[in-house]
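K.L.:
Here are the chains, one letter per residue:
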Amino acid sequence: MADLAGQGIFLGIIATGLRLATPYLLAALGEMFTQRSGIYNLGLEGVMLMGAFFGFFTTWVTGSPYLGLFVSMIAGAIMGLMMAFVSVTLKAEQGISGIGFSMLGWGLSGLFFRLYVGGITTIEGLKPWKIPVLGDIPFIGPAFFNHHFVVYLAFLLVPVSWFILFKTNWGLTVRAVGMTPQAVDTLGGNVAATRYQCIIIGSMMAGLAGATLTVANAQMFMDNITAGRGFIVVALVYFGRWSPLGILAGSLLFSMADSFQLWVQVLGIDFPYELAVILPYVATIVALAVSFGRVWAPAALGRPYERGARG
Amino acid sequence: MKKFSMLTRLMMVVFLAMAILVAGCGGTEKKPEPPKAQKLKIALVLPSTIDDMAWAQSMYEAILKIQSTMGKDNLELAVSERMGRPVDAGAAIRQYATQGFDIIIAHGAQYQSVVKEIAPEFPKVTFAYGTGFQAGPNIFAYDPQAQDGAYLMGMLAAKMSKSKIVGIVGPVEAGDAVKYNKGFMQGVAAAGGDVKTRIAYTGSFNEIVKAGEIAKTHMDAGADVLSGTSQQAVGAVKAVAGKPGTYWLSVDMDQSKLAPDSVLASQTYNWEKVVTKMIELRKKGTLGGERLTLSFADGMMEIKYNEKLVGKIPQDVKDAIEKTKKDIISGALKIDVSK
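Chains A and B, in that order, are what the protein sequence lines are.
The numbering used here applies: residue 1 is where the first sequence begins, and numbers increase by one.
The numbering used here applies: residue 1 is where the second sequence begins, and numbers increase by one.
Derived by calculation from the structure, the hints in this document are not laboratory data.
The model shown is predicted, which means the values in this text are computed figures rather than measured ones.
One should not assume that every hint holds.
Stated by the list, open to error - Below 25 Å or equal to it, Euclidean Cα-Cα: the simulated BS3-like pairs (lysine-lysine) are:
id : chain 1 : residue 1 : chain 2 : residue 2
1  : B       : Lys334    : B       : Lys318
2  : A       : Lys127    : B       : Lys257
3  : B       : Lys243    : A       : Lys127
4  : B       : Lys196    : B       : Lys312
5  : B       : Lys162    : B       : Lys182
6  : B       : Lys41     : B       : Lys277
7  : B       : Lys41     : B       : Lys124
8  : B       : Lys243    : B       : Lys334
9  : B       : Lys243    : A       : Lys130
As the list claims (entries may be wrong) - Okay, the calculated beta carbon distance ranges per label pair:
id : chain 1 : residue 1 : chain 2 : residue 2 : range
10 : A       : Tyr116    : B       : Lys162    : 34 to 44 Å
11 : A       : Ala92     : B       : Lys162    : 55 to 65 Å
12 : A       : Ala192    : B       : Asp73     : 57 to 67 Å
13 : A       : Leu275    : B       : Leu333    : 32 to 42 Å
14 : A       : Ala287    : B       : Met18     : 52 to 62 Å
Glycine included, C-beta positions come from ideal geometry on N, C-alpha and C.
Could you build all of it, start to finish, from the sequences and the hints given here?
P.N.:
Pasting the structure below:
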């Protein structure tokens, strides 16, 4: 009996961890494209909040969570377009403009919520979707194959992103633009267009990640529902060395640690809750500290490209 | 902009500023104003928003009720929301104090040190904060006796739990959360029947996604009656609503509208009475210095059953709760939160 209970807890931790990892994974894969092209988007927190609100609002008004997810991506794209204009065309300092967008997203989402929704409202969001056959495997089935659609999507996007980034011409252009934009420009490539595309894609995924919180997880919206996740995403991209597999590893490490500490608390294991709550962050820092190898950031990351300028 | 010289640009900025100033001032006419009655100005500083269906909303609505009783011309209310960080709250409090507000209410346990820091600089202003008990010469501390209500909630949870496991979704181990949890556990123990209480914290007052996750984890681990404090509890309420057969016991506000089939009862505070008391004390010249408790005895705390579900509670359980409440009011039963 104890064995079964132990297995139940272990699988419970995995199921919760996969669910927690989804928004981080989605947003981090998107930010990976953005940063690979050379742009820091610290505005992810604001983008996620806008996606969270519009996903929630659309679901509330239309009754369709899938439409909500779609609209959240459009909201993300619009935020991305603005960030791209500020970072690529106006060549503003990316860190500062990113923080500005975070505040814009926070303020606007809260304002729209106050104006058009009014108070705490729940929605019928995504229901878990059990994958036939795989979901029926004893023990493993419920842990891995009985989740919301966005969870599956997030994990599927890992190999898809890997393929796009490393096996397509466009992916090569993205990587080149992030390393040596001058070379791409000299050869006739369009640095600005590539960066615009990457920022918009990244923001679309961040919008979707935000909507995951409201349409799949909490099934309601509240001011500042993301509570800093957007900034953790930026750290995860660094942790993952700008590669889909690394980002997957980082998101899982963080979220599994988080899930683990929740279960530790719930089961009443004698452990100070303050330490439990910081466990995911500590685990990530420790992993970063002990990991080997130099970190090869995209060389042009954070530097606006100006044709003819030095270096 | 390179075409304009430095001087030209400076002139443009000055003209623009002057234009804005003129536009701003030009519209209003100065009429001789009739002497008006002393208008009471109250400022409210909140950690979340006025529509959080919990801690902040209940206080906000209470003051609105006072405003409608006193008349809008006699009471002006200003609100600062999203002051989750005490530093931001401090800036807002200071600003209200310099603007001549009479009573500044910092609604959150986390504001204690910032209020104590600012209050001495404005001795004619009344400051208030809660949950807290340390008052000052011009500081009121209001202290909801959450542990008393929690005791009754704990009894209710223990009696209504079929799985003999109840769960608490906590924010941070501070303020009224700690009093509530301790009272709740004692209530569960008093109800008998070997019911286990489990507590998990999110680490914040505002993390509604985490609160929902903790609720889900509690339920996965076998709990069937849950409770919890702070504005993030709405996330847990929704999670409980998603699993029929589980109940939630609310704190701060009647949350049964949110989940009519899951919220069994709510512990609510009558903030109106405590704020009215502050206004009256101030009128008589007492600007602070008192610890104002909210308890069953003075009618400032209530347990409200959800009308829709009240039939599911056995009568003997309701009777036991009523009797215990009377014992608390009379002082026969004191719930100790020092342990």
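K.L.:
Would you mind marking each hint as holding or not holding in the structure?
P.N.:
For each hint, the structure was consulted:
1. Between Lys334(B) and Lys318(B) the CA atoms are separated by roughly 20 Å; this keeps the pair inside 25 Å, and the hint holds.
2. Between Lys127(A) and Lys257(B) the CA atoms are separated by roughly 22 Å; this keeps the pair inside 25 Å, and the hint holds.
3. For a cut-off of 25 Å, the pair hint linking Lys243(B) to Lys127(A) stands: about 12 Å separates their Cα positions.
4. Note on Lys196(B) and Lys312(B): the hinted pairing holds, with a Cα-Cα distance of about 22 Å set against a maximum of 25 Å.
5. Among the hinted pairs, Lys162(B) with Lys182(B) is consistent with the structure: their alpha-carbon atoms are about 22 Å apart, no more than 25 Å.
6. At roughly 15 Å between alpha-carbon atoms, Lys41(B) and Lys277(B) fall within 25 Å of each other, so this suggested pair holds.
7. Taking the CA atoms of Lys41(B) and Lys124(B), the gap is near 13 Å; set against the 25 Å cutoff, the hint holds.
8. A distance of roughly 35 Å separates the Cα atoms of Lys243(B) and Lys334(B); the hinted pair therefore is violated under the 25 Å criterion.
9. Taken as a hint, the Lys243(B) and Lys130(A) pair is honoured in the structure, with Cα atoms around 17 Å apart against an allowance of 25 Å.
10. At roughly 41 Å, the beta carbons of Tyr116(A) and Lys162(B) sit within the given window of 34 to 44 Å.
11. For the pair Ala92(A) and Lys162(B), the beta carbons lie near 60 Å from each other, so the given range of 55 to 65 Å is met.
12. Between Ala192(A) and Asp73(B) the Cβ separation comes to about 58 Å, which falls inside the hinted range of 57 to 67 Å.
13. Remark: the range hint 32 to 42 Å for Leu275(A) to Leu333(B) is upheld by a beta-carbon distance near 35 Å.
14. Taking 52 to 62 Å as the suggested C-beta distance range, the pair Ala287(A) and Met18(B) conforms, at roughly 58 Å.
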